[in-house]
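Undergrad: So you can see what is in the structure, the chains are spelled out below.
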Amino acid sequence: MLSDLTVAIASGKGGTGKTTVSSNLACAASQAGGEVYYVDCDVEEPNGHLFLKPRITGSRRIYVPVPAVDEEKCTYCGLCSEICQYSAIVCLNKTILTFENMCHGCGGCSLVCPVGAISEKGRDIGVLEEGRSGPINFIHGRLTVGEAMSPPMIKAVLSTGKKGAFRIIDAPPGTSCPAITSIKSADYVILVTEPTPFGINDLGLAIDMVSELGVPFSVVVNRSETNNHLARNYCSARGVRILAEIPDDRRVAEVYSRGELVFDAIPDFRGYFTDILISLGKEAKR
Amino acid sequence: MKEIVVISGKGGTGKTSLSASLAALAGRSVVADCDVDAADLHLVMNPRIKRTENFFGGKKASVNPEKCSGCGRCIEVCRFEAIIRDEEGHTYQVDPFSCEGCGVCSFFCPEKAVDFKLVVNGQWFISETPYGPMVHARLGVAEDNSGKLVALVRNQAKMIAQREDLPFIIVDGPPGIGCPVIASITGADAVLIVTEPSVSGEHDMERVFHLARYFKIPAYLCVNKFDINPGVTGKIYEKAKAEGIAVLGGIHYDRSVIDAQIKKKPVVALNGGTASEDIRRVWINLLDQIKEEGKE
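Here the protein sequences line up with chains C and Z, keeping their order.
For the first sequence, this note's numbering begins at 1 and goes up steadily by one.
For the second sequence, this note's numbering begins at 1001 and goes up steadily by one.
Simulated pairs of lysine-lysine, DSS-like, Cα-Cα distance not exceeding 27 Å:
#1 C:LYS155 - Z:LYS1059
#2 Z:LYS1239 - Z:LYS1291
#3 Z:LYS1239 - C:LYS53
#4 Z:LYS1059 - C:LYS184
#5 C:LYS155 - Z:LYS1148
#6 Z:LYS1117 - C:LYS184
#7 C:LYS184 - Z:LYS1148
In case anyone wonders, no lab produced these hints; they're calculated from the structure.
Let's have the full structure, built from the sequences with the hints guiding it.
TA: Below, the structure written as structure tokens:
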């Protein structure tokens, strides 16, 4: 039984099986007892709810701070547009323009304004929902379509729920801001890959990312084939541990396409997920 | 010149395999890889790099410990938890992975101890492939500003297409619906959405439909591996119809798609294979649709 541990499931390439691994791991962990959180940080395209089918018990809107200018007080000195790195506030002669969707919410403009003309208001970027799927605690965020910046939503998702539990983070794909925000504070990262040339190339980028962040990690090879050594050779060349291999099986693809959990639908696959948990327990102690 | 962007919402649905094949079918055209933080297109396009440039995405703060008096003004003003206090609390440092590049700490530091300088966030390349020029990039490890790099790649692709009077720009887009995706599609002539017949593929595709509509870009759909779950494929086609999105066809699940990756070639460059035939049909249907769109 794992507790007080945050494990992020990440990958460079999309579609390698992050949600499959994290949702089934959450099932395996909840059966072993203890408090489990499934935290979906892929706020652009959250999918975990399609498999865990949680009963949503609470939701709240997430806001980011943006400037609100009181033009009565404004002297058009232009300091705000000087400090802003994102061209989100522009002072032209006797006009102040704000571009709210460019704003990163740093608060620089309101701090620098010498006459106190800039306050802040909240801008809605999406919804955060909490719920339960059987014994599993469920959290996800849904960024509003058209919104560019996902990190504030990811941070809101990450700061929700009780600390001290076993938390499984389903991270977004890629190796830039959204992925980094999701895994930076994790205790451990599992990189899910598939043994294809694209999969291995992006695994390499993901390994570079987690190494740079300094978070301990290992690899799970999904859709593994006995005679395909691409992932094994690559990991051994880079000295990276393979925590588990989940074999390629048409049944898994079918179960996934229907939105079912492998853990429930294919009993002979349960062992893969319980084994990952056991290995995680050992890794976390190190 | 028409710029066509391949996106998906969900990752791993076949964007790169499809983009490479469309680039091969389009005649001499420009191909651009806008999935700058997990770029794979170069693996099947055999690019010969002709030009390499540094990408300066934005500024980052760093504290000069010699000048830092330890007053803590920087940690007070930083909204991104990017300032780290050293053990004794005498000086402060910037965590580059949390720094948002806003420069507020530098502006307010009374000792002028925080440098705020342009940093190299990655590299971009102009290459020649057997199918035409290619613009691609590599975001630095754990770097941000991917949206700006995407915009730069598209701009370069457009300049080449105009200069050489090439008919198409094929853009391999990133997954998701956020910053780099928005930077990939704004102002494009068409988006081609490629999804897969799973509940996730269906869910994510709907959000991409809405994104294309939000930015008023004509969208077309094709379903990769449509034969894996014909039931879900049917539902996806119905949804597309309801949204007024033209379906260009399905692509069979076909082992030759992986074989093409292993042989470092676009799928349509291999002989035979059902996927190759399907992709050719998708391309022909896309051309018809774009022609129709032009008439309206």
